[in-house]
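Chains A and B, in that order, are what the protein sequence lines are. Numbering follows our numbering, with no gaps: position 251 of the first sequence is 251. Every position in the second sequence, counted from 1, becomes a number in our numbering once 312 is added.
Heads up, some of the hints might be wrong.
Stated by the list, open to error - Once the Cα atoms are required to be at most 20 Å apart in a straight line, the calculated SDA-like pairs of lysine to any residue come out as: (1) B:K402 - A:A233; (2) A:K135 - A:T240; (3) B:K449 - A:G252.
I should point out that these hints are in silico values taken from the structure, not numbers from a laboratory. Small disclaimer: the values here were computed from a predicted structure and weren't measured.
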Amino acid sequence: MTKKLLAVVLGLSAWIGGTVAATIGNGTAAQAAPLFSLEKADANYTPSLTGDTPVFILLMGSDSRPGVTPMDKGRSDSIHILGINPAEHRATVYGIPRDSWVPLSTGGTNKINSAMPIGGPEAEMQTIENVTGIKFDYYVLTGFQQVTQAVNQIGGLEVNVPYSVTGYQQTFPSGLHRMTGQEVLGYSRTRHSLPLGDFDRSLNQGVVLLSALTQFRNEYAKDPTRLYTWLGAGLRTVQTTVPLDELVKLAGLAQSIPASRVTNLVALGTSGMQGSQSIVNLSPENQQLWQDMAQDGYILQKDIPAAAQPAP
Amino acid sequence: MANEKTPLRESAPTTPERAQKTSDRSTVARRRAVVGIVAILVVIGGLWFLFGRGKDSPLASVINPPPPVPTFSFSNVVPKYEALQAHLAKPKLEKAAKQISPAIAKATTEFLQSGYVNPDGWGDSGSIDGYFTDDAKAQVDPNVDTLTLGKDAPDKFDTFTPVKKGNSVKVTALIDGNLNVVQAAAVFTFKGTAANSDGTSSKVTVTGTLFFVPDGNDWKIESFHINRVEQPKKAPSASASASEATS
Numbered sequence: 001m002t003k004k005l006l007a008v009v010l011g012l013s014a015w016i017g018g019t020v021a022a023t024i025g026n027g028t029a030a031q032a033a034p035l036f037s038l039e040k041a042d043a044n045y046t047p048s049l050t051g052d053t054p055v056f057i058l059l060m061g062s063d064s065r066p067g068v069t070p071m072d073k074g075r076s077d078s079i080h081i082l083g084i085n086p087a088e089h090r091a092t093v094y095g096i097p098r099d100s101w102v103p104l105s106t107g108g109t110n111k112i113n114s115a116m117p118i119g120g121p122e123a124e125m126q127t128i129e130n131v132t133g134i135k136f137d138y139y140v141l142t143g144f145q146q147v148t149q150a151v152n153q154i155g156g157l158e159v160n161v162p163y164s165v166t167g168y169q170q171t172f173p174s175g176l177h178r179m180t181g182q183e184v185l186g187y188s189r190t191r192h193s194l195p196l197g198d199f200d201r202s203l204n205q206g207v208v209l210l211s212a213l214t215q216f217r218n219e220y221a222k223d224p225t226r227l228y229t230w231l232g233a234g235l236r237t238v239q240t241t242v243p244l245d246e247l248v249k250l251a252g253l254a255q256s257i258p259a260s261r262v263t264n265l266v267a268l269g270t271s272g273m274q275g276s277q278s279i280v281n282l283s284p285e286n287q288q289l290w291q292d293m294a295q296d297g298y299i300l301q302k303d304i305p306a307a308a309q310p311a312p
Numbered sequence: 313m314a315n316e317k318t319p320l321r322e323s324a325p326t327t328p329e330r331a332q333k334t335s336d337r338s339t340v341a342r343r344r345a346v347v348g349i350v351a352i353l354v355v356i357g358g359l360w361f362l363f364g365r366g367k368d369s370p371l372a373s374v375i376n377p378p379p380p381v382p383t384f385s386f387s388n389v390v391p392k393y394e395a396l397q398a399h400l401a402k403p404k405l406e407k408a409a410k411q412i413s414p415a416i417a418k419a420t421t422e423f424l425q426s427g428y429v430n431p432d433g434w435g436d437s438g439s440i441d442g443y444f445t446d447d448a449k450a451q452v453d454p455n456v457d458t459l460t461l462g463k464d465a466p467d468k469f470d471t472f473t474p475v476k477k478g479n480s481v482k483v484t485a486l487i488d489g490n491l492n493v494v495q496a497a498a499v500f501t502f503k504g505t506a507a508n509s510d511g512t513s514s515k516v517t518v519t520g521t522l523f524f525v526p527d528g529n530d531w532k533i534e535s536f537h538i539n540r541v542e543q544p545k546k547a548p549s550a551s552a553s554a555s556e557a558t559s
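When you get a sec, could you build the whole thing from the sequences and use the hints?
As structure tokens, this is what we get:
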């Protein structure tokens with residue numbers, strides 16, 4: 001009887017003790033827990049170009065004036081080869097001076113920008129393919145007024161000016177500048193005050209393209225619907241053969257290519273005269289670089305001869 | 313002779329039949345014991361299966377049926393547009409955007425209904441992958457924890473109740489030169505409360521952008537950017553309840 005009573009007392013004690021301990025334990029845990037905590041989760045997917053095959057796009061800027069000449073019948077005063085390697089997330093912007101003296105696809109030899117007035121963007125593209133050996137997948141053509149409109153429609157462009165440039169109407173000190181469309185155009189057209197003239201101008205146009213890449217990446221990361229703003233602003237103002245779904249995938253690919261993985265260079269050459277015309281004789285060294293670019297879509301900075309490096 | 317003890321009664325002679333009978337009896341007894349134990353285990357297992365698994369029990373749904381899955385709709389749908397060609401008439405663009413907005417809002421609603429509101433869709437990529445393009449489908453499973461309430465949601469919650477007001481979607485239509493909507497983006501805010509019968513709950517806010525492309529008569533998600541924030545609220549502890557009761 002005594003043993004049974006002892007067992008009951010011990011059992012009750014254990015139960016009460018356990019309950020009290022558990023209660024204290026819970027109370028302690030409750031006190032230690034924060035008043036509230038936030039749990040976050042993210043999911044992101046953007047379709048992107050993939051694969052080892054490089055993509056080449058010819059970027060052209062026409063000198064046509066609205067109401068005077070159609071955009072695709074002007075001279076292509078700005079010429080850039082954009083090569084992209086989707087697999088390696090690298091790209092290269094290779095500028096070609098407009099005064100480069102080359103055989104034209106339309107016949108004869110002349111300045112490289114003079115094929116478009118004769119045969120349109122396709123003739124210009126064919127001329128540059130013949131000169132460089134690079135086969136283009138697409139072209140994009142814009143003009144003075146169109147660049148201005150596009151930049152204004154995206155709300156301005158933040159350009160990282162590498163060195164002070166005195167333009168036609170204003171000076172652009174080195175550093176980051178939020179430019180209007182007109183300012184971007186002014187910066188991109190400035191040539192006379194630059195040490196290497198047309199070569200440096202072409203390089204500065206590459207700077208504008210890289211600034212656009214950086215700004216698009218930043219805006220898209222904050223608000224993906226900015227993709228539509230950029231697509232709209234772009235497609236309303238350019239003439240292009242890039243289909244919309246490919247543009248969307250290129251925009252997706254741009255998310256994985258920071259400006260630091262894009263090489264900006266301009267073709268090597270020397271200034272000369274052809275009759276009364278000031279021309280550029282392209283250097284044979286370009287051939288090696290173009291071959292390199294044709295293979296995988298890009299050129300590494302270390303492979304560029306010093307003469308083609310950006311100005312300080 | 314008188315001193316001779318009466319011999320003890322000899323035990324019954326052990327015949328082979330008797331030995332066999334004794335052996336049979338013990339075998340039967342053992343079998344009965346085994347059958348009894350098995351029967352008890354089966355009964356205990358059965359009772360546990362029927363009553364002991366809480367909400368997973370088959371009878372639980374009969375005795376305590378789950379609440380009906382609520383439905384929701386966006387209280388605020390804002391149509392916008394982006395034209396891909398210059399000089400298109402603004403009223404025509406607005407009309408095209410307004411016409412497409414309900415379809416995009418509906419597709420967004422159905423996606424969230426399947427992944428968040430309906431508990432059957434929690435953590436289940438199969439319940440939502442029909443809303444995605446073929447390319448995007450491959451990304452559903454790796455992101456199922458955010459595209460739905462999550463794989464662990466069934467362990468934490470029983471229901472998800474969307475808020476009555478405050479869910480909004482802004483639809484931007486991408487319109488080509490023929491006034492066709494070639495793509496559309498839905499920027500949404502979706503709020504609700506995920507709750508467990510033990511009193512645990514979380515306020516859930518899902519925000520994001522879904523990019524839709526046409527697929528026959530449907531719109532499929534080609535691209536997504538979704539962010540979810542949960543603010544958990546613990547069930548009141550026993551001690552807290554006791555102190556509340558005494559105060």
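Exercise. Within a Cα-Cα threshold of 20 Å, do K402 (chain B) and A233 (chain A) meet the stated pairing?
Worked result: 16 Å, holds
For this session: Assess, step by step, whether the Cα of K449 (chain B) is no farther than 20 Å from the Cα of G252 (chain A), and give holds or violated.
Result: 17 Å, holds
Exercise. Holds or violated: K135 (chain A) with T240 (chain A), Cα cutoff 20 Å?
Worked result: 16 Å, holds
The structure is consistent with each of the numbered hints, conforming to all of them.
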